[in-house]
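Colleague: For reference, the chains in residue letters:
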Amino acid sequence: MASFGFWEPIIIFSLLNLIFTAGLYITALSGQLSMATAAFGGIGGYVSAVLTTNFDWPFLPAIAAAALAGAVLGGLLAALTIRMRDFILKLTTLAFGEAMAVIAFNIPYLGGANGFSGIPLYTTMTDIVIAALLAIYIAWRFDGSRLGFASRAVRDDPLAASANGVSIRQTRIITFMLGSAIICAGGALAAHYVLLVTPSQMGFYYSLNYIIFLLFGGLQVLWGPLLASVLLTAAPEVLRFTSEYRLILYGLIIVMVVLWRPDGLLTRKKGEGSALNPLGPRAPDPLT
Amino acid sequence: MVLAVRGLCKRFGGIDAVADVSFEVAAGEMLALIGPNGAGKTTCFNMLDGQLKPDSGRILLGSVDTTGMTPRRIWRAGVGRTFQITETYASMTVRENVQMVLLSHRRRLMSFRHRAADLYAAEAMELLERVGMADQAERGCGVLAYGDLKRVELAMALASRPRLLLMDEPTAGMAPGERAALMQLVADIVRERNAAALFTEHDMDVVFAYATRIVVLDRGRLIASGPPKAVRDNPHVQQVYLGAP
Ligand SMILES: Nc1ncnc2c1ncn2[C@@H]1O[C@H](COP(=O)(O)OP(=O)(O)OP(=O)(O)O)[C@@H](O)[C@H]1O
Ligand SMILES: [Mg+2]
Numbered sequence: 004m005a006s007f008g009f010w011e012p013i014i015i016f017s018l019l020n021l022i023f024t025a026g027l028y029i030t031a032l033s034g035q036l037s038m039a040t041a042a043f044g045g046i047g048g049y050v051s052a053v054l055t056t057n058f059d060w061p062f063l064p065a066i067a068a069a070a071l072a073g074a075v076l077g078g079l080l081a082a083l084t085i086r087m088r089d090f091i092l093k094l095t096t097l098a099f100g101e102a103m104a105v106i107a108f109n110i111p112y113l114g115g116a117n118g119f120s121g122i123p124l125y126t127t128m129t130d131i132v133i134a135a136l137l138a139i140y141i142a143w144r145f146d147g148s149r150l151g152f153a154s155r156a157v158r159d160d161p162l163a164a165s166a167n168g169v170s171i172r173q174t175r176i177i178t179f180m181l182g183s184a185i186i187c188a189g190g191a192l193a194a195h196y197v198l199l200v201t202p203s204q205m206g207f208y209y210s211l212n213y214i215i216f217l218l219f220g221g222l223q224v225l226w227g228p229l230l231a232s233v234l235l236t237a238a239p240e241v242l243r244f245t246s247e248y249r250l251i252l253y254g255l256i257i258v259m260v261v262l263w264r265p266d267g268l269l270t271r272k273k274g275e276g277s278a279l280n281p282l283g284p285r286a287p288d289p290l291t
Numbered sequence: 014m015v016l017a018v019r020g021l022c023k024r025f026g027g028i029d030a031v032a033d034v035s036f037e038v039a040a041g042e043m044l045a046l047i048g049p050n051g052a053g054k055t056t057c058f059n060m061l062d063g064q065l066k067p068d069s070g071r072i073l074l075g076s077v078d079t080t081g082m083t084p085r086r087i088w089r090a091g092v093g094r095t096f097q098i099t100e101t102y103a104s105m106t107v108r109e110n111v112q113m114v115l116l117s118h119r120r121r122l123m124s125f126r127h128r129a130a131d132l133y134a135a136e137a138m139e140l141l142e143r144v145g146m147a148d149q150a151e152r153g154c155g156v157l158a159y160g161d162l163k164r165v166e167l168a169m170a171l172a173s174r175p176r177l178l179l180m181d182e183p184t185a186g187m188a189p190g191e192r193a194a195l196m197q198l199v200a201d202i203v204r205e206r207n208a209a210a211l212f213t214e215h216d217m218d219v220v221f222a223y224a225t226r227i228v229v230l231d232r233g234r235l236i237a238s239g240p241p242k243a244v245r246d247n248p249h250v251q252q253v254y255l256g257a258p
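Here the protein sequences line up with chains A and B, keeping their order. Here our numbering is used: the first residue of the first sequence is 4, the next is one more, and so on. Here our numbering is used: the first residue of the second sequence is 14, the next is one more, and so on.
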């Protein structure tokens with residue numbers, strides 16, 4: 004593939020963030036706004052890095068193993084938080100992410116605080132583009148699928164969902180597994196591009212980015228968060244000419260969108276869908 | 014007998030929300046459960062549909078003992094429900110709300126294949142037609158007027174073809190004309206399907222126009238039951254409920 008020069012890292016990091024965001028979108032579809040996105044990314048990175056570097060695994064099986072690890076851990080985290088809602092759920096995913104970072108920090112085999120280095124460079128621009136397209140396709144298919152319906156139902160109104168025969172447990176576990184698998188696969192791709200995985204990149208500070216992409220892009224349609232992830236990753240780089248004002252500008256853009264489009268960048272057609280509060284909307288109570 | 018409730022009890026802290034309540038609902042009946050605020054009507058519903066577990070007592074749905082079952086299993090056993098405060102899926106369109114229930118009822122929800130919006134669309138539209146919401150099928154539930162939400166909720170409840178329909182204040186927030194239309198629709202469907210409806214209602218005109226029988230609760234206790242006329246003439250009911258001296 005042609006060289007993109009200055010643009011190459013910008014495109015690659017934008018698409019990596021898009022993959023992560025697609026995973027988080029699926030997880031959040033059933034109402035679980037995970038604060039552990041970066042942690043899952045790191046886990047995927049470590050898994051693939053160790054398998055390729057220390058066990059000479061080829062690239063593709065290593066990515067698959069990372070995705071599998073994501074599915075297993077995501078499923079466990081979902082099962083652990085199944086009775087939790089809103090705030091407590093978010094705090095628990097946050098704690099999970101931090102715990103994973105601390106564990107990685109304390110395993111000398113993984114390189115401790117310095118992280119795992121010496122990872123082979125595998126990921127190419129072509130790989131990233133294919134992976135991003137695949138992630139978009141999976142998220143898009145899931146979004147419109149029957150499971151996607153079930154997920155939205157559980158997010159919008161768990162009480163009605165359980166009264167309509169939807170299994171909250173199954174739905175939340177499936178979305179968390181699929182979302183985390185995608186994020187971990189993305190993390191593996193990142194590891195073989197950056198060539199380093201560290202505990203610090205798994206922290207909440209980085210996970211917050213993906214929450215911002217999600218809320219900034221809007222939770223109503225998949226394209227919102229995906230667009231936001233690319234725009235907000237590329238913008239600070241492209242706007243580099245303003246150097247020290249870069250972050251301020253970045254913040255301003257977010258404030259403007261939140262003020263003018265409180266439901267996010269993209270929304271469903273007018274009259275379709277609603278002002279969607281990610282904490283779970285409630286119908287107005289006419290009696291109180 | 015569609016439903017038989019025997020000695021149902023539920024306490025919250027020191028309050029007897031429902032105390033030793035027994036009644037039955039036969040096929041084709043529209044049974045109104047009435048009583049002043051806090052009488053225990055919603056608590057009763059919540060036990061019937063599995064949201065709450067009774068402290069004691071039995072609930073028989075036909076020949077099945079559903080006491081203490083999960084809401085999912087009770088719903089599968091044939092109990093549909095609408096809520097005092099409407100519960101719909103705000104981010105989905107009216108039609109999608111009904112499709113969701115149709116898919117769930119046919120156990121075809123947990124799949125990755127097919128676009129969900131294409132499945133059972135015609136059937137969903139039929140139900141929406143019946144409740145008079147077909148023209149708003151593509152609107153989001155989050156932007157609907159309250160009376161319209163109540164009708165969507167009824168379409169959702171009907172989608173699972175329940176033998177017993179539980180409706181907690183189905184006409185609250187509706188204009189008088191709309192109330193009559195909705196209750197007439199429920200009466201028609203109950204007759205057509207030989208199902209039964211159990212509803213709570215504060216509007217006495219609606220109760221006396223559509224209930225085939227009435228059960229009156231006061232502070233958790235059943236104080237009267239019978240045909241509308243007998244209940245209206247019951248001095249105890251007049252005293253605690255209808256506000257007579
Ligand atoms: N979850 C709960 N915890 C504690 N007390 C409760 C709970 N739910 C209901 N109660 C109490 O139980 C009693 C019965 O309440 P319930 O909601 O069943 O009444 P209701 O007949 O539906 O009244 P309304 O006509 O106002 O809807 C009330 O005193 C209420 O305060
Ligand atoms: Mg009530």
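Honestly, the hints are just simulated from the structure, not real lab data. Treat the hints with care, since some could be wrong.
Unchecked claim - Just a few of them, taken from the derived set where beta-carbon distance is under 10 Å, the chain B residues facing chain A:
hint	residue
1	G93
2	C154
3	G155
4	A172
5	S173
Model, not experiment: these values are computed from the prediction. Backbone N, C-alpha and C fix where the C-beta goes; we use that ideal spot for every residue, glycine too.
Colleague: So, for every hint listed, does it hold in this structure?
Modeller: Now the hints, each set against the structure:
no.	hint	in the structure
1	G93	holds (9 Å)
2	C154	holds (7 Å)
3	G155	holds (2 Å)
4	A172	holds (9 Å)
5	S173	holds (7 Å)
Consistency note: the structure conflicts with none of the earlier hints.
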